[in-house]
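Protein chains: 2
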Amino acid sequence: MDTPQETLKEKIKKQGDLVRSLKAAGAEKAEIDAAVGVLLGLKKQQTGSSGTSKKMAIREKIFSTITSVFKKHGAVTIDTPVFELKEILAGKYGEDSKLIYDLEDQGGEKCSLRYDLTVPFARFLAMNGTQYPNIKRYQIAKVYRRDQPAMTKGRMREFYQCDFDVAGVYDPMVADAEVVRIMCECLTALDIGNFTIKINHRKLLDGIFEICGVPEAKIRPISSAVDKLDKLPWEEVKKEMLDEKGLDPVAADRIGEYVILKGGKELLTQLLDNKELVSNKNVKAGLDDMILLFQYLEIFNVLDKMSFDLSLARGLDYYTGIIYEAVTEQSGQPKAEDGIQIKRKTKKDSDELDETTVGVGSIAAGGRYDNLVGMFANTSSGGIPCVGVSIGVERVFSILLQRAQLTSVKANEVEVYVISVGDGLLEERMGICTELWDAGIKAEFMYKRKPKLQAQFTVCDRDQIPYAVIVGKSELDRGEIKIKDMRSKEQGEGGGIIVPRSQMVEELRKRLRN
Amino acid sequence: MDTPQETLKEKIKKQGDLVRSLKAAGAEKAEIDAAVGVLLGLKKQQTGSSGTSKKMAIREKIFSTITSVFKKHGAVTIDTPVFELKEILAGKYGEDSKLIYDLEDQGGEKCSLRYDLTVPFARFLAMNGTQYPNIKRYQIAKVYRRDQPAMTKGRMREFYQCDFDVAGVYDPMVADAEVVRIMCECLTALDIGNFTIKINHRKLLDGIFEICGVPEAKIRPISSAVDKLDKLPWEEVKKEMLDEKGLDPVAADRIGEYVILKGGKELLTQLLDNKELVSNKNVKAGLDDMILLFQYLEIFNVLDKMSFDLSLARGLDYYTGIIYEAVTEQSGQPKAEDGIQIKRKTKKDSDELDETTVGVGSIAAGGRYDNLVGMFANTSSGGIPCVGVSIGVERVFSILLQRAQLTSVKANEVEVYVISVGDGLLEERMGICTELWDAGIKAEFMYKRKPKLQAQFTVCDRDQIPYAVIVGKSELDRGEIKIKDMRSKEQGEGGGIIVPRSQMVEELRKRLRN
Chain A
1 MDTPQETLKE KIKKQGDLVR SLKAAGAEKA EIDAAVGVLL GLKKQQTGSS
51 GTSKKMAIRE KIFSTITSVF KKHGAVTIDT PVFELKEILA GKYGEDSKLI
101 YDLEDQGGEK CSLRYDLTVP FARFLAMNGT QYPNIKRYQI AKVYRRDQPA
151 MTKGRMREFY QCDFDVAGVY DPMVADAEVV RIMCECLTAL DIGNFTIKIN
201 HRKLLDGIFE ICGVPEAKIR PISSAVDKLD KLPWEEVKKE MLDEKGLDPV
251 AADRIGEYVI LKGGKELLTQ LLDNKELVSN KNVKAGLDDM ILLFQYLEIF
301 NVLDKMSFDL SLARGLDYYT GIIYEAVTEQ SGQPKAEDGI QIKRKTKKDS
351 DELDETTVGV GSIAAGGRYD NLVGMFANTS SGGIPCVGVS IGVERVFSIL
401 LQRAQLTSVK ANEVEVYVIS VGDGLLEERM GICTELWDAG IKAEFMYKRK
451 PKLQAQFTVC DRDQIPYAVI VGKSELDRGE IKIKDMRSKE QGEGGGIIVP
501 RSQMVEELRK RLRN
Chain B
1 MDTPQETLKE KIKKQGDLVR SLKAAGAEKA EIDAAVGVLL GLKKQQTGSS
51 GTSKKMAIRE KIFSTITSVF KKHGAVTIDT PVFELKEILA GKYGEDSKLI
101 YDLEDQGGEK CSLRYDLTVP FARFLAMNGT QYPNIKRYQI AKVYRRDQPA
151 MTKGRMREFY QCDFDVAGVY DPMVADAEVV RIMCECLTAL DIGNFTIKIN
201 HRKLLDGIFE ICGVPEAKIR PISSAVDKLD KLPWEEVKKE MLDEKGLDPV
251 AADRIGEYVI LKGGKELLTQ LLDNKELVSN KNVKAGLDDM ILLFQYLEIF
301 NVLDKMSFDL SLARGLDYYT GIIYEAVTEQ SGQPKAEDGI QIKRKTKKDS
351 DELDETTVGV GSIAAGGRYD NLVGMFANTS SGGIPCVGVS IGVERVFSIL
401 LQRAQLTSVK ANEVEVYVIS VGDGLLEERM GICTELWDAG IKAEFMYKRK
451 PKLQAQFTVC DRDQIPYAVI VGKSELDRGE IKIKDMRSKE QGEGGGIIVP
501 RSQMVEELRK RLRN
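These protein sequence lines map, in sequence, to chains A and B. Take 1 as the starting number for the first sequence in full-length UniProt numbering and just add one per residue. Take 1 as the starting number for the second sequence in full-length UniProt numbering and just add one per residue.
Note that these hints are calculated values from the structure, not bench results. Keep in mind that the hints are not guaranteed to be accurate.
It does not matter which identical chain is meant; a pair holds if it fits inside one copy or across any two.
To be verified - Only pairs whose alpha carbons sit at most 27 angstroms apart, straight line, appear in this in silico DSS-like list of lysine-lysine:
#1 Lys265 / Lys450
#2 Lys71 / Lys265
#3 Lys473 / Lys239
#4 Lys55 / Lys142
#5 Lys450 / Lys284
#6 Lys482 / Lys448
#7 Lys284 / Lys448
#8 Lys284 / Lys262
Next up, chain A with everything else stripped away, as it sits in the complex (with noise of 0.2 angstroms):
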């Protein structure tokens, strides 16, 4: 039977039998190290763990994606510091401000670290609005929380965050549109698998609760309820709204018909077709403002990944309009670093995007926050409204990672290994890789006097290096040197092609371009 797991095993006893004859016959210190650096990394892919600039690597690239979907609709980025005044955060986090890292007061004013990237954004505009009246912006950066160190280890105390806005007053629903286009890009460039994005409107939702008869002062802390539909039974939930909540049971009936509602363009016109609901002014302008924004998600050709959800609540008390939640397919708890299952926290009162915790498959989460900036405002600059995803980097890494078969991860770009046969010829290999990073060509070389050719090819099999250079005392002599495609099966010195040494590098730019 030759599943991978066997292969994988098999590697591993013959390298482990190369590493143990390398070091009964005695050999050099640097083949030893380099045959037990491959025993290493595969036996990392055994254990499911794996090198931390490997991670990196797919880090990386889930940034370069997601920047790249950011920069084809015209945003910039914008740094604000990792410091922001106590009194910023205070009171914007509800009970989680518990969880904000306080600096010692050691002069000075009394600063936090970030808990988020919206408040400094919407901070930030409140102190720059009139520079920056309309912005399309994103920012990649690490926020800070204090979570329990029992559970959470070192790193998850910080962790990125990755959120795209554009502020600004515009016509209705249209950067509504393209911020929901750029999330779906943004999934889809992030090959994560298939994705659908739960939609709704604060002012639908807040007038549906008027209209079944929520008094004014709960209607928050009911939409926060409505919002645990994705984790439990509507019992659970309408308990909740009873017993925590005080609601009258005739109210929570009459929401609970109306929670259970998905659907797409059709159950628009449902609902408009209900004189009771559209009576109702918050209504009737939600449903207004979903009306407009699938016509223009039908244009922008994202309408088939959209489920308008009449359950979808999000819990952050700033959103005033559309807000959305994009779930996977991939579903299952993340898990820590260490393979430990973490288990989804229950945030009351908050359901904002928790990293370390994200619910079954939610990877994005957004929507329209139009008074957030005008808390921060003086009178110069006044309220900023503003629309925004974040999208969930780490949930996205530990798929990827999960998914990624490690041996396939490059941690290094190198394209490129200098080698020698025979006589070490070290500064003949520095001089060619002097001339390959001239030309551009990603080159490393082994820092030895007089390496071994085994160690050099082994170098070149962990480090999944494509093409090797190789040089030796006559063929330098005959101005030539070797070009082997490390990838072909063919073994050893054989393979290779012979090429004069002045059109080395345009050999080998040929071959890196296909």
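Following the hints, complete the assembly by docking chain B onto the known chain A.
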């Protein structure tokens, strides 16, 4: 006189007139806003300040330039957390330790924010040395320093460092030579003007001090004094040696004879011929290294950048081999973002590249440090020798910012603006953008149902968008659109070519390739 400054003034006057006339004519808000945006942009050029997003564009260019050089040499990036245990940083930075930011004790381990990237990297190697017995790694990340709040403003407490290091046991000077080559490649690629690399060797210097009669306990303090020779005359440095460090005047005078020596390979030969010198073990070891290094640097084609300079000492204690510092001809003190001159701080017992007050023209620095990892290592992984360089990216940024005609820095990367004539045609513009995005072309349109033509042209102008796709009702009915090169002088609707819509993407690609 058509000086750039005058042209700018004229432009501002013209744009101001336009804004006034738009307001007088009761033009739409979006159109006025756009015109005001251009006006503000012009005024900012005049005052020398500039938009945050344009600055970010310059920064991104610096990072991508440097990163591509690192990758060409097979480097990988490793991300270390922004927190380190307080005890890891303690005692590593001498009296600068007071500048370390501590986190408030909110339970859990006591943590500090990283002060540089070298100590976290050494700590990482000490913890993961068996997995990474040798590695080329780079890291571009922010570090944090509690610098005098009165002098530095917000952002200066956090700034980027950019480190490249090679860790591992190799044959002598091979990795060292490649690091120097990489430093040269980075500075050349960054296009910051001519530069010179001052280079010296710790052992050579220490050996010379020994020969001159410096007692062992005074070698590091005397080395620190010598390091000030780029800012102070010899007489003052000598005075410090005698008065503060208590050195014998005879020893000081002997040192004075050596540290004025500067040169190239011929200086090496001269020193080698000095029997007294080469009888010292440290001097001999240092000279042997330097000879080998210069031999390799010649092969790497960077010998012409080197200045062997016996006055280069570098303050950090941990260097054990070659040390180097790149200086540029672009002199002058760096300025804070608000244009206020920053005084270079004289750091006692430390000459680490201080990004906020970096010395005249010093732009990159580093050296070999073979014992730092050992300070963190337990028995299992021992000390790993390292050699590295730190590129002063903030200094590079300030040079490029000063030089940049900010007009010519494009903040966003949009290639095509989709413009309507006449009826607004919002949905048609959206559809065309969708086609462009699907083809990977960076495109935007105005988020407005019925934008004025002039307002759309103004955006192209402001954001320096090279091409416009112009749609009109009658052209669309005929299945045609117009492509216009916005950099051409033909203004208004004139200029541009009509193409069938089906050929739009192809025609744009052809133009964008050129």
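Hint-by-hint comparison with the structure:
Only between protomers do Lys265 and Lys450 lie at most 27 angstroms apart by alpha-carbon distance; the minimum there is 26 angstroms, versus 71 angstroms within a single protomer. Within a single copy, Lys71 and Lys265 get their C-alpha atoms no closer than 30 angstroms, and across copies no closer than 49 angstroms, so neither meets the 27 angstroms cut-off. In this assembly of identical chains, the alpha carbons of Lys473 and Lys239 never lie at most 27 angstroms apart, being 83 angstroms within a copy and 57 angstroms across copies at closest. For the homomeric pair Lys55 and Lys142, the shortest alpha-carbon distances inside one copy (16 angstroms) and between copies (20 angstroms) are both at most 27 angstroms.
Proximity of Lys450 to Lys284 under the C-alpha cut-off of 27 angstroms is restricted to the inter-copy arrangement: shortest distance 24 angstroms between copies versus 79 angstroms within a copy. For the identical chains of this complex, Lys482 and Lys448 are intra-copy neighbours only, at 20 angstroms inside a copy versus 61 angstroms across copies, given an alpha-carbon limit of 27 angstroms. In the homo-oligomer, the alpha carbons of Lys284 and Lys448 lie at most 27 angstroms apart only across protomers (22 angstroms), although the nearest pairing inside one protomer, at 75 angstroms, exceeds that limit. For the homomeric pair Lys284 and Lys262, the shortest alpha-carbon distance inside one copy (18 angstroms) is at most 27 angstroms, but the shortest distance between copies (81 angstroms) is not.
Consistency with the previously given hints fails for numbers 2, 3, ordered from lowest to highest.
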